[in-house]
Amino acid sequence: MALLQISEPGQSPQPHQRKNAVGIDLGTTNSLVATVRSGSEVILPDEQGRNLLPSVVHYESEGVSCVGYEAAEHNSSDPLNTLSSIKRLLGRGVADIKTLGDTLPYEFTSDEGGMPKIKTVHGAVSPIQVSSEILRKLSGRAELALGGMLDGAVITVPAYFDDAQRQATKDAATLAGIKVLRLLNEPTAAAIAYGLDAEVLDDESQQHLVAVYDLGGGTFDISILRLSKGVFEVLATGGDSALGGDDFDYAIANWLRTELDLGETLDVYEQRILLEAAKSAKEELSQNEQVELDILDSSLVLTRDTMYQLIDDLIDQTLLACKRSMRDANIAANSINEVVLVGGSTRMPRVAEKVSDLFGLEPKCTIDPDLVVAMGAAKQADVLVGNNSTDDMLLLDVIPLSLGIETMGGLTEKIIHRNTTIPVAKAQEFTTFKDGQTAMSIHVVQGDRELVSDCRSLARFELRGIPPMVAGSAKIQVSYQVDADGLLNVSARELTSGVESRIEVKPSYGLSDSEITQMLQDSVSYARDDMQARALREQQVEADRMLEDLQAAMDKDGSALLANSELQCLQVALQELQQFRDTSEDHRQLAAQIEIVGKTSEEFAARRMDASIKQALAGLSLDDALK
Amino acid sequence: MNNSKNFFEIFSLPVAWELDAEQLEVRFRALQKTFHPDRYASKSDFEKRLAVQMAATINQAYETIKTPLSRAQYLLELEDLDASQETHITSDGQFLMDQMLLREALSEIRGSENAKEALVSLSIEAQQTAAKIQSEFASQYQQKAYNKAFESLAKMQFAIKFIDDINELEAELEDL
Numbered sequence: 315m316a317l318l319q320i321s322e323p324g325q326s327p328q329p330h331q332r333k334n335a336v337g338i339d340l341g342t343t344n345s346l347v348a349t350v351r352s353g354s355e356v357i358l359p360d361e362q363g364r365n366l367l368p369s370v371v372h373y374e375s376e377g378v379s380c381v382g383y384e385a386a387e388h389n390s391s392d393p394l395n396t397l398s399s400i401k402r403l404l405g406r407g408v409a410d411i412k413t414l415g416d417t418l419p420y421e422f423t424s425d426e427g428g429m430p431k432i433k434t435v436h437g438a439v440s441p442i443q444v445s446s447e448i449l450r451k452l453s454g455r456a457e458l459a460l461g462g463m464l465d466g467a468v469i470t471v472p473a474y475f476d477d478a479q480r481q482a483t484k485d486a487a488t489l490a491g492i493k494v495l496r497l498l499n500e501p502t503a504a505a506i507a508y509g510l511d512a513e514v515l516d517d518e519s520q521q522h523l524v525a526v527y528d529l530g531g532g533t534f535d536i537s538i539l540r541l542s543k544g545v546f547e548v549l550a551t552g553g554d555s556a557l558g559g560d561d562f563d564y565a566i567a568n569w570l571r572t573e574l575d576l577g578e579t580l581d582v583y584e585q586r587i588l589l590e591a592a593k594s595a596k597e598e599l600s601q602n603e604q605v606e607l608d609i610l611d612s613s614l615v616l617t618r619d620t621m622y623q624l625i626d627d628l629i630d631q632t633l634l635a636c637k638r639s640m641r642d643a644n645i646a647a648n649s650i651n652e653v654v655l656v657g658g659s660t661r662m663p664r665v666a667e668k669v670s671d672l673f674g675l676e677p678k679c680t681i682d683p684d685l686v687v688a689m690g691a692a693k694q695a696d697v698l699v700g701n702n703s704t705d706d707m708l709l710l711d712v713i714p715l716s717l718g719i720e721t722m723g724g725l726t727e728k729i730i731h732r733n734t735t736i737p738v739a740k741a742q743e744f745t746t747f748k749d750g751q752t753a754m755s756i757h758v759v760q761g762d763r764e765l766v767s768d769c770r771s772l773a774r775f776e777l778r779g780i781p782p783m784v785a786g787s788a789k790i791q792v793s794y795q796v797d798a799d800g801l802l803n804v805s806a807r808e809l810t811s812g813v814e815s816r817i818e819v820k821p822s823y824g825l826s827d828s829e830i831t832q833m834l835q836d837s838v839s840y841a842r843d844d845m846q847a848r849a850l851r852e853q854q855v856e857a858d859r860m861l862e863d864l865q866a867a868m869d870k871d872g873s874a875l876l877a878n879s880e881l882q883c884l885q886v887a888l889q890e891l892q893q894f895r896d897t898s899e900d901h902r903q904l905a906a907q908i909e910i911v912g913k914t915s916e917e918f919a920a921r922r923m924d925a926s927i928k929q930a931l932a933g934l935s936l937d938d939a940l941k
Numbered sequence: 007m008n009n010s011k012n013f014f015e016i017f018s019l020p021v022a023w024e025l026d027a028e029q030l031e032v033r034f035r036a037l038q039k040t041f042h043p044d045r046y047a048s049k050s051d052f053e054k055r056l057a058v059q060m061a062a063t064i065n066q067a068y069e070t071i072k073t074p075l076s077r078a079q080y081l082l083e084l085e086d087l088d089a090s091q092e093t094h095i096t097s098d099g100q101f102l103m104d105q106m107l108l109r110e111a112l113s114e115i116r117g118s119e120n121a122k123e124a125l126v127s128l129s130i131e132a133q134q135t136a137a138k139i140q141s142e143f144a145s146q147y148q149q150k151a152y153n154k155a156f157e158s159l160a161k162m163q164f165a166i167k168f169i170d171d172i173n174e175l176e177a178e179l180e181d182l
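Chains as they are written, first to last, in this note's numbering: chain A, 315 to 941; chain B, 7 to 182.
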């Protein structure tokens with residue numbers, strides 16, 4: 315029998331230490347957290363054994379009183395301080411909230427930044443703060459279950475979320491003290507969860523086209539994926555980030571209001587009661603042909619057929635989005651091999667029926683549609699954090715909406731088109747409009763419409779210091795870079811003078827970095843000293859990673875790719891970094907040193923990349939030769 | 007990142023109009039399996055940044071080579087010829103006349119009775135035109151007749167734009 319190994323005291327058995335990684339599904343109605351245990355994904359339940367956490371936060375004057383089931387109990391008694399379906403507001407501006415109509419029974423304040431806040435007895439709270447409370451609750455649950463701090467989390471977002479909504483989600487996680495490994499699109503997460511047991515993918519040459527239809531409480535996504543061994547390639551995605559099961563409830567509640575002759579103006583209590591009734595009627599009609607309702611001292615009957623009349627238009631909207639995505643992917647409905655249903659709202663037989671008609675396929679829902687997204691995210695988190703080095707799963711995802719820039723006349727010039735595989739970087743040149751123009755205002759938008767006013771405004775910034783020239787002769791290069799989270803970075807540069815302006819795109823109504831820092835400081839858990847200590851700790855971790863990465867790279871490729879002098883130069887830089895790492899108390903100083911080592915090793919990195927390309931392709935030709 | 011490699015070289019493919027699409031795809035995946043940022047999630051920020059740049063370049067190279075129009079344009083760029091879209095127009099009068107007629111045909115389809123069938127036949131015609139232009143480009147490029155190749159590129163832009171417009175109308179009709 316093999317003996318169990320125990321490491322020397324003080325030496326951690328690092329290579330085999332599992333890291334605590336989770337997948338979090340931050341949903342409109344419910345949220346979940348999952349992890350990988352002994353090779354399979356498990357949902358982490360609360361102490362009462364419940365998998366779901368209702369995405370509800372209740373505030374009292376001192377602050378958050380409770381989150382989840384407990385909070386949901388205040389729904390009818392204290393509606394204004396019981397916040398639910400907050401995801402619908404995440405990353406949205408005041409104007410968006412208005413178009414969502416009166417469906418949200420809250421009172422809003424719009425602050426200077428244009429980010430809507432909700433009035434509660436605790437004061438005005440932002441959707442980002444509310445979401446961070448839900449995330450905090452889930453990470454607490456996970457830390458308890460895993461017996462330690464989290465090393466990182468994959469957080470899922472609707473595929474159709476725009477940059478502002480993604481950024482808001484990431485900010486909420488930061489606020490909750492969670493290290494985000496990746497923002498993962500919900501349908502892609504579901505595909506991963508299903509892909510694991512995919513019997514079809516044994517043969518490299520076999521390709522499988524999958525449509526993931528994801529109808530949640532407040533969002534709808536459709537993604538068309540091509541699966542081949544270990545590769546999940548999103549061909550196209552589409553949807554509506556303001557359409558979900560909630561809208562069915564509103565439609566039914568509206569019908570109830572008319573039927574019961576309640577008039578146009580309802581107070582928030584009545585609104586909540588109608589919504590609750592609508593919701594339970596909808597759920598009951600999944601089992602029965604009709605349901606009897608007793609509401610506000612009246613009773614009436616709702617039949618399935620009547621409900622279908624109320625919601626069919628909404629379902630048809632989702633089917634239209636499916637058709638558009640298939641067109642974008644250049645794929646006919648009958649070549650789809652499999653349709654997967656995700657999201658609680660797909661439990662409605664009517665939804666499944668209509669989806670089945672569209673694709674001519676019986677949809678697959680062997681994994682609980684409420685759990686599948688969190689499970690896929692957990693799998694991805696496990697791979698990203700480095701627990702599962704044998705898995706060569708590869709995700710190639712896309713951006714859902716084109717990214718553009720405002721040009722003369724309020725028109726949008728697209729720089730990156732929708733359904734482009736990420737990460738992606740593109741640059742385009744623009745020029746000045748007037749003689750002697752020295753500044754240029756750059757307006758970053760997202761959307762597929764011609765007019766800027768129909769697109770989402772993401773950010774505005776100015777490039778100043780352009781040397782005065784005749785109109786049309788300056789060359790301003792605007793570069794867009796989208797990372798693997800689908801988040802955008804924009805920079806602009808005047809090419810003749812080299813004047814540069816760079817921004818991390820932060821939506822005008824989002825949180826700025828300093829606001830996040832401030833909020834972190836304000837929260838009880840992070841005093842000012844803690845912030846410094848935390849920043850230093852982060853830089854130390856970064857330094858350690860860099861030392862480890864570079865040392866490993868030098869041991870492996872150093873003698874092959876570097877001249878002796880270059881090797882020595884790098885070694886000196888590394889020694890210096892190690893010294894700073896061990897002695898420096900100032901996180902800025904350490905960060906600067908890390909930057910220096912980065913610069914020094916750039917050439918080495920470039921050569922290693924080249925070598926890796928050769929290696930990646932060399933393995934291939936060998937495979938080809940064996941065929 | 008090494009900028010000296012052109013998009014074809016990244017995939018160890020010959021700089022040519024003819025393309026082994028299957029090989030391109032296989033190689034694209036092999037490279038992304040090595041360079042995708044997901045592979046670098048637990049590495050230093052420096053390595054992460056490099057990976058994002060590398061993966062973005064691979065994606066761009068793949069897109070550029072895969073699509074005929076951008077491939078043609080890129081091939082001419084590699085010959086140090088400015089192939090940006092505005093600078094080249096075709097002076098082929100017959101071609102322009104044909105294009106105008108096709109455009110008229112397209113605008114008449116909207117609102118006509120058998121719109122769908124008409125669109126299908128127009129689409130076939132447009133595809134054939136595009137294929138013909140592409141084969142012209144191929145031989146011109148091979149013979150290093152770059153001026154002519156430029157003209158074909160301009161025609162290709164017309165033809166592809168026209169196909170896009172057909173597809174758009176098709177989508178519009180379907181949604182009604």
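Rather than coming from a laboratory, the hints here were simulated on the basis of the structure.
The structure presented is a predicted model; accordingly, all values stated were derived computationally and were not measured.
Check each hint, because a few of them may be wrong.
To be verified - Below 25 Å or equal to it, Euclidean Cα-Cα: the simulated PhoX-like pairs (lysine-lysine) are:
id, chain 1, residue 1, chain 2, residue 2
1, B, K138, A, K740
2, A, K870, B, K49
3, A, K543, A, K678
4, A, K928, B, K72
5, B, K138, A, K928
6, B, K39, A, K928
7, A, K870, B, K72
8, B, K54, A, K870
9, B, K167, A, K728
10, A, K493, A, K433
11, B, K72, A, K740
12, A, K789, A, K740
13, B, K39, A, K333
14, B, K49, A, K913
15, A, K333, B, K49
16, B, K138, A, K637
17, B, K49, A, K637
18, A, K593, A, K668
19, A, K543, B, K72
20, B, K138, B, K72
21, B, K72, A, K728
22, B, K122, B, K54
23, B, K39, A, K870
24, B, K49, A, K493
25, B, K54, A, K928
26, A, K728, A, K748
27, A, K740, B, K54
28, B, K138, A, K913
29, B, K11, A, K493
30, A, K484, B, K54
31, A, K913, B, K122
32, B, K138, A, K543
33, B, K11, B, K39
34, B, K11, A, K333
35, B, K11, A, K740
36, A, K637, A, K668
37, A, K637, A, K593
38, A, K484, B, K49
39, A, K928, B, K150
Evaluated hints:
no.	hint	in the structure
1	B:K138 with A:K740	violated (30 Å)
2	A:K870 with B:K49	holds (16 Å)
3	A:K543 with A:K678	holds (20 Å)
4	A:K928 with B:K72	holds (21 Å)
5	B:K138 with A:K928	violated (36 Å)
6	B:K39 with A:K928	holds (13 Å)
7	A:K870 with B:K72	violated (35 Å)
8	B:K54 with A:K870	holds (19 Å)
9	B:K167 with A:K728	holds (15 Å)
10	A:K493 with A:K433	violated (29 Å)
11	B:K72 with A:K740	holds (17 Å)
12	A:K789 with A:K740	holds (16 Å)
13	B:K39 with A:K333	holds (23 Å)
14	B:K49 with A:K913	holds (17 Å)
15	A:K333 with B:K49	holds (14 Å)
16	B:K138 with A:K637	violated (30 Å)
17	B:K49 with A:K637	violated (40 Å)
18	A:K593 with A:K668	holds (21 Å)
19	A:K543 with B:K72	holds (21 Å)
20	B:K138 with B:K72	holds (18 Å)
21	B:K72 with A:K728	holds (20 Å)
22	B:K122 with B:K54	violated (49 Å)
23	B:K39 with A:K870	holds (20 Å)
24	B:K49 with A:K493	holds (14 Å)
25	B:K54 with A:K928	holds (20 Å)
26	A:K728 with A:K748	holds (23 Å)
27	A:K740 with B:K54	holds (19 Å)
28	B:K138 with A:K913	violated (50 Å)
29	B:K11 with A:K493	violated (36 Å)
30	A:K484 with B:K54	holds (18 Å)
31	A:K913 with B:K122	violated (59 Å)
32	B:K138 with A:K543	violated (36 Å)
33	B:K11 with B:K39	holds (19 Å)
34	B:K11 with A:K333	violated (38 Å)
35	B:K11 with A:K740	holds (18 Å)
36	A:K637 with A:K668	holds (13 Å)
37	A:K637 with A:K593	violated (28 Å)
38	A:K484 with B:K49	holds (20 Å)
39	A:K928 with B:K150	violated (30 Å)
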